[in-house]
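Engineer: So the chains spell out like this:
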Amino acid sequence: MTTSAPATSHALDGTAPQRARAGEELLRVEDLVVHFPIRSGPLLRVTGQVHAVDGVSLVLAAGETLGLVGESGCGKSTLALAIMRLLDPTSGRIVFRGNDISTYSRRRLRSIRRGIQIVFQDPHASLNPRMTVQQIVGEPFEIHRLLDRGQRRARVAELLELVGLSPEHARRYPHQFSGGQLQRVGIARALALDPQVLVLDEPVSALDVSIQAQIITLLQELQERLGLAYLFISHDLSVVRHIASRVAVMYLGSIVETGERRAIYQQPTHPYTQALLAAVPIPDPSRRDRARPLASGELPTAARPPSGCRFRTRCWKADDRCACEPPELLDRFGHGHPSACHYAATTEAAEG
Amino acid sequence: MRDLSVEFHTSGGVVGAVDHVSYEVRPGETLAVVGESGCGKTVTSLAVLGLVPQPPGRITSGEIRFEGEDLLRASPRELRRLRGSEISMIFQDPQSSLNPVFTIGQQIAGVLRAHDHRLSAKAAQARVVELLTGVGIPDARERVADYPHQWSGGMCQRAMIAMAMANQPKVLIADEPTTALDVTIQAQVLDVLREAQRETGAATVLITHDLAVVAEMADRVAVMYAGRIVETGGVHTIFHAPRHPYTLGLMASLPRLDTDLRQLEPIPGQPPTLLRVPPGCPFHPRCRLRNGRHRCVEEVPPLVDVEGSGRHTSACHFWPEMPGEVDTVSERIGVDLGAGLR
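Keeping their order, the protein sequence lines are chains A and B.
Note that the numbering used here numbers the first sequence so that position 188 is 188, with each residue one more than the last.
Quick note, the numbering used here runs 352 ahead of the 1-based positions in the second sequence.
Calculated from the structure, these hints are not laboratory results.
For each residue, glycine too, the CB sits at the ideal point set by N, CA and C.
Certain hints may be false.
[What the hints assert, rightly or not] Only part of the chain B face toward chain A is listed, based on derived beta-carbon distances under 8 angstroms:
| # | residue |
| --- | --- |
| 1 | 504 |
| 2 | 523 |
| 3 | 564 |
| 4 | 565 |
| 5 | 588 |
| 6 | 591 |
| 7 | 593 |
| 8 | 602 |
| 9 | 618 |
[Claimed, not checked] Taking CB as the label site, the calculated pair distances span:
| # | chain 1 | residue 1 | chain 2 | residue 2 | range |
| --- | --- | --- | --- | --- | --- |
| 10 | B | 471 | A | 130 | 36 to 46 angstroms |
| 11 | A | 39 | B | 471 | 52 to 62 angstroms |
| 12 | A | 287 | B | 364 | 29 to 39 angstroms |
| 13 | A | 297 | B | 445 | 42 to 52 angstroms |
[To be verified] Every beta carbon over 10 angstroms from chain B, so not counted as near; a handful from chain A, in silico:
| # | residue |
| --- | --- |
| 14 | 22 |
| 15 | 36 |
| 16 | 42 |
| 17 | 209 |
| 18 | 241 |
The following block holds chain A by itself, in its conformation from the complex (with noise of 0.2 angstroms):
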C-alpha cells in the first residue's frame, strides 16, 4: 500500500458523530422478519409470502468483523439491503447506535446513513457508468452538502489514495477500470462519510483470485486504520475463515449457528454448517480423500419453507420431532456458541 496517513480523523463538520470505542456495540438486529408477497390471478392478490428473512438477530461491535455466510436464497442480501433500510422490514428492530432506525422516515434515516454504508458484489452495475470517479466518490458530500468544491475534490483524492488508486483516477468513467479496481472505487465511496460499519455484501465474489486477495487484504489494513466494523456477507467460506472473528451460519431466512471463527470452523454443531463445511472444496490435493457428510437434495423454496427445522429435508438426523418443533438458537453446550438444532454435537470429521 502506498497511502499516507489515515485520512478519516478528521471531522468533516461540527456535526460529525463521535467514533465509537473499540468493542462498543454499534449494530443490533432484533428479530428481524422480511416477508415478500406473492401475488397472483387476475387481480393480483396476495396469495402467500416469501420468507426471505425470519426472525434474525445479531450484534455488531466496534472494529470487529462478523461474517454471515450461507448459499443462495437464503436471505443474506435481503437482510443486508432491510439493515440498510434499502428495503422496509416487515417487523423486528435495528438499532444503530441505540436508535431504532427500523421505522425512521428517509428524511431522519440520511443522518444514519453517515455512520453506515455498503458496498455490493458487482460494481460495474452498482457504480453510475455515466459518472466520473470523482462524482461518484464525491457524490455523499452532495447530498450531504458537506465540503466545498475544492476540499471535495481533495478529499476524493484522499480517499482514492487510501483505497490504493491514484488521484489521476478521478477523472475516468467505470467502463475505463477492470473489477477489481472498481470494486476499490466503491469501497472508496462507502468510506466518504468516515462510517462506523460497512455492510460488505460479496465484496469479492466476482474477482479472479489474485485480485480478490489485493481486495480482502485493503479491507483487513482499512479495518485496522480506521476502526471499521464490517459485517461480511460471503457464499464462500474459505475467505469468511479469513476475514471474520466472528460467523453467522444463515440457512432459508434463519441463523442456523453463530460462534467465534474457531468454534464454528472447529467444532461445528449444526448438521448444516457441517454439511456446508464439508462441500467446500481444499486446494490441497493430499487432502482429496477426507471423509465428508454431505447434504442430500437441494434447497426448499422460501415461499413454502418445511414445518418445524427448515434443513429437515436434507438432513440426515432428521426425525418426527424435527417435522414438528422448530429447533431455538441456543446455546446448548454452554460454550457461547448457539446453534438451532434439536440434535446438535460436534463430529470428529470437522477438525480444522
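Following the hints, put chain B in place on chain A, whose structure we already have.
Structural biologist: Just chain B now, with coordinates in the frame of chain A:
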C-alpha cells in the same frame, strides 16, 4: 494439442487469445486447465470442438490430434460426427446451454439418436431414464417430460452431464462445470462427474479458475496466463512444489478453509489485457522473482522441463530460484514466499 494459436480481430486490434499452447490428455485421465478470466482457457477448448467463431477468430497455427486425426483439418461433417459422440462438452451455465422449448428427455434422446439412427424412440426413452438415474435425478421416469426451467441449476447440470456421457465419449471437456452452483450442490455434481468419468473412462479436460476444484479432481494441471501455458505438472507437484512464480502467487492468494492464515500474499498489479500483452515473459510486471532483470522483459521464456522426466515444465527463466517444497497446508506459505522471492 500442439502449438495452438488463436487470434481475434477486434476493433481495438488483434488479440492473441491463445499463444502456442500444447497439451495432451490420455484415456481415464483428468487434465485441469487453470487460469484467471481472460487467460485463454475457454478459447483453447472451443478450438478442440471447432467452435471458435471465424471470423472474428482465426486459428493461426497448431494441430489438435484425436486418435491420430487432425481436428483442425477435419471436414465440418466429420466434426459433427465427433461432437457429442466421441468428444463432448459441458458448459458453465446449464440453464442457458439447454434448449428451453424442448423437454429434458427430448434433448437427451436427440443426442442419442443423432449418433445412432437405428435407435427406436422407445429404446431412447428408456436409455434417457437410465442416464438421468445414473446422475442422481430422483423419479427420472416422471421428470423426463419436464422443461429446463422447471429444474434447478444443479439438476440441469446433472442433465448436461448425462447428455455429455450419453454416447460414451472418449474425450470430455468440462468448462467451469460447477462455477454457477452453490457449494453443497457443487460437491454433489463433482461426485457425479467423477463417477461418470470412471464408468466411461473418458479423457477429461477440466477448465476452471478454482484451484480447490483442481486439487479435488485433477491428475495433471496446466496453468495458463495471458494466453500461454506457464507451468504443467502432476497435481501434487503443482500444489506442493510449483516452479513458476505465477502458480505460487495463486496459491498464496487463496484464503483457506482448512487453516488460519496470518495473511494473504496477493499478486500485485492487474492481469494484462490480451490487446497489450507485456513483452518477454507476460508475467514480468507482477513478478516478485524478477528483481529488475532485463532477460524477463526481452526474452519470452520457453516451457522447459524442470525435472528431467518431461512431467513437470515451467516457463520461467529463473525457475531454479523458486523455494523448494511449499507446505501449502500450514501458515508457512507466507514465510516461504517472503524468504524465497523477495
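Engineer: Under 8 angstroms, Cβ to Cβ, is where residue 602 of chain B needs to be relative to chain A, so tell me if that hint holds or is violated.
Structural biologist: 6 angstroms, holds
Engineer: Can you verify the interface hint for residue 618 of chain B: is its Cβ closer than 8 angstroms to any Cβ in chain A?
Structural biologist: 4 angstroms, holds
Engineer: Have a go at the residue 593 of chain B hint: is there a Cβ in chain A nearer than 8 angstroms to its own Cβ?
Structural biologist: Residue 593 of chain B check fails; min Cβ-Cβ to chain A is 12 angstroms, beyond 8 angstroms.
Engineer: Take the shortest C-beta to C-beta distance between residue 504 of chain B and chain A; is it under 8 angstroms?
Structural biologist: Holds. Min distance 5 angstroms.
Engineer: Tell me if residue 588 of chain B is really an interface residue toward chain A, meaning its C-beta lies closer than 8 angstroms to one of theirs.
Structural biologist: 5 angstroms, holds
Engineer: Does residue 564 of chain B pass the interface hint, meaning its C-beta sits closer than 8 angstroms to a C-beta of chain A?
Structural biologist: At 4 angstroms from the nearest chain A Cβ, residue 564 of chain B passes the 8 angstroms test, so the hint holds.
Engineer: The hint names residue 523 of chain B as touching chain A; please verify it with the least Cβ-Cβ distance against 8 angstroms.
Structural biologist: With Cβ-Cβ at 23 angstroms, over 8 angstroms, it is violated.
Engineer: Indicate whether the distance between the beta carbons of residue 297 of chain A and residue 445 of chain B respects the range 42 to 52 angstroms.
Structural biologist: Once the Cβ atoms are compared, 22 angstroms apart, the range 42 to 52 angstroms for residue 445 of chain B and residue 297 of chain A is violated.
Engineer: Does residue 241 of chain A sit more than 10 angstroms from chain B, CB to CB?
Structural biologist: 6 angstroms, violated
Engineer: Far enough from chain B: is every CB of that chain over 10 angstroms from the CB of residue 22 of chain A?
Structural biologist: At about 21 angstroms from chain B, residue 22 of chain A clears the 10 angstroms cut-off, so the statement holds.
Engineer: Check the following: the C-beta atoms of residue 471 of chain B and residue 130 of chain A are separated by a distance inside 36 to 46 angstroms.
Structural biologist: With Cβ atoms ~56 angstroms apart, the hint is violated.
Engineer: Classify the label on residue 36 of chain A as holds or violated, using whether its beta-carbon is more than 10 angstroms from each beta-carbon of chain B.
Structural biologist: 20 angstroms, holds
The structure does not agree with the numbered hints 2, 7, 10, 11, 12, 13, 17, 18 stated previously, though it agrees with the rest.
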